[in-house]
Amino acid sequence: MKKTATILASILSLAALFVSAGCGSNAEYVEAGGSRSLISTDKINIADWNKAADALVNSMLASSAFEKLKKPAILQVSRIINRTSQRIDTDLLTKRITITLNNSGQAVVKSTDKYSNELAEYKRFMGGKSTVPTADITLSGKIIEDRESVGRDREVTYTFQMSLNVDGLQVWEDQKQIAKQETKSLF
Amino acid sequence: MKNIQKIMVFCAASFFIAACSSVNTVENADFGSSAKMVSDKRIITDSGLDDIAFVAGVNEARTPSGLLKIQVELVNRTEAARNFNYCFEWFDGDGMLISSPEPIWLTSSIDAGESKYVSAVAPSAKAKDFRLKLLGNVRDY
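Line by line, the protein sequences give chains A and B.
Take the first sequence: its position 30, counted from the start at 1, is 30 in the numbering used here, and no numbers get skipped.
Take the second sequence: its position 47, counted from the start at 1, is 47 in the numbering used here, and no numbers get skipped.
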């Protein structure tokens, strides 16, 4: 009987210790998508979006895609097809790209703001001259997911494909693949 | 008993071979002779990292639109594949950091003995200088 009571007491004290340890918060700030941000094989993490966007915009700027266009060219973000198993907001990819293109002086992005477009239409109506900008170049892409597992090892590869299109031609295209591996624990 | 010894020797040999796999390379004799190299200043605070991602050379070029492009050659002088982080920062002519879009740390892997290039294009025509920051693998999970 005494033995059972001792065991019970030990279990309870361990549980109490576990609960009290769980009460403390050890949250801290980390750089978004930085070297200490969490990564997993379950989804496209912020670090992956940053890495893909950075590689693709570097490739874009190093190319001659904008060379023959007026400066800055008017860019319209077209469709980014999602072929992954998750719901994603493609602005996580395209925004970093358009910010860089804008800052570099290569392109200005055509606004998707409804009010701004209405104002442009109004000015056109009043002045008799079109002020609604038409895009010189469009940005389109696709995100593909591929999963593989061997034994306890799991691997996911995300392929980010992008192209810049002018008059029905792809004047630039590139892709960035990001692969992540994880070994599942036995328990 | 002898069989167990044989298996243990085989396992040890396999582990040794796997741990020592490194990259061999071949290139033309005057490789990179026309590259515009940058004379650099280095501040080494982590000598271990300097072995994982030793900066072998820095060269610069201009993109067709006139933006500064930097390419850095890194060499892993250790005997194991490693991960490291790097980040390019860009500065204007007055030495002010160009912070939009914000500089980000990127994680990359490098095999033993491998020479790897990391490159970046300046995000603005105002960029005149750059800084490459290197950091070891800080993800401890």
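None of these hints come from the bench; they were simulated from the model.
Virtual Cβ for every residue (Gly too), placed ideally from N, Cα, C.
Some hints could be false.
As the list claims (entries may be wrong) - In silico EDC-like links for lysine to aspartate or glutamate, alpha-carbon gap of 16 angstroms or less:
| # | chain 1 | residue 1 | chain 2 | residue 2 |
| --- | --- | --- | --- | --- |
| 1 | B | 69 | B | 129 |
| 2 | A | 43 | A | 89 |
| 3 | B | 128 | B | 94 |
| 4 | B | 133 | A | 31 |
| 5 | B | 128 | B | 92 |
| 6 | A | 95 | B | 102 |
To be verified - Derived, one-sided and incomplete: chain B residues facing chain A with beta-carbon distance under 7 angstroms:
| # | residue |
| --- | --- |
| 7 | 29 |
| 8 | 49 |
| 9 | 64 |
| 10 | 67 |
| 11 | 68 |
| 12 | 85 |
| 13 | 100 |
| 14 | 101 |
| 15 | 104 |
| 16 | 105 |
| 17 | 125 |
Evaluated hints:
1. Only pairs whose Cα atoms come within 16 angstroms are accepted, and residue 69 of chain B paired with residue 129 of chain B is accepted, the gap being roughly 10 angstroms.
2. Restraint check for residue 43 of chain A and residue 89 of chain A: satisfied, since their Cα atoms lie roughly 12 angstroms apart, inside the 16 angstroms limit.
3. Of the supplied pair hints, the one linking residue 128 of chain B and residue 94 of chain B holds, its CA atoms being roughly 9 angstroms apart against a limit of 16 angstroms.
4. Of the supplied pair hints, the one linking residue 133 of chain B and residue 31 of chain A holds, its CA atoms being roughly 15 angstroms apart against a limit of 16 angstroms.
5. Distance restraint check for residue 128 of chain B and residue 92 of chain B: the Cα-Cα separation of roughly 5 angstroms lies within the 16 angstroms cut-off, and the hinted pair is therefore satisfied.
6. Distance check on the hinted pair: residue 95 of chain A and residue 102 of chain B sit about 12 angstroms apart at the alpha-carbon level, within 16 angstroms; holds.
7. Contact between residue 29 of chain B and chain A, as hinted, is not supported at the beta carbon level, the nearest pair being about 27 angstroms apart and thus beyond 7 angstroms.
8. Interface hint at residue 49 of chain B: violated, since its Cβ lies 12 angstroms from the closest Cβ of chain A, which is beyond the 7 angstroms cut-off.
9. Taking 7 angstroms as the C-beta contact cut-off toward chain A, the hint placing residue 64 of chain B at the interface holds, the least distance being around 4 angstroms.
10. The criterion of a C-beta within 7 angstroms of any C-beta in chain A is met by residue 67 of chain B, whose closest approach is roughly 6 angstroms, and the hint holds.
11. Checking residue 68 of chain B against chain A by beta carbon gives a least distance of about 10 angstroms; that is not within 7 angstroms, so the hint is violated.
12. The interface hint given for residue 85 of chain B holds, since its Cβ lies 4 angstroms from the closest Cβ of chain A, which is under the 7 angstroms cut-off.
13. Because the beta carbon of residue 100 of chain B sits about 6 angstroms from the nearest beta carbon in chain A, less than 7 angstroms, this interface hint is met.
14. Hint status for residue 101 of chain B: holds, given a least beta-carbon distance of 5 angstroms to chain A, under 7 angstroms.
15. Interface restraint check: residue 104 of chain B against chain A, minimum CB-CB distance 5 angstroms, threshold 7 angstroms, status holds.
16. With its C-beta approaching chain A no nearer than about 4 angstroms, residue 105 of chain B sits inside the 7 angstroms limit, and its interface hint holds.
17. With a cut of 7 angstroms, the hint placing residue 125 of chain B at the interface with chain A holds, because the nearest CB-to-CB distance is about 5 angstroms.
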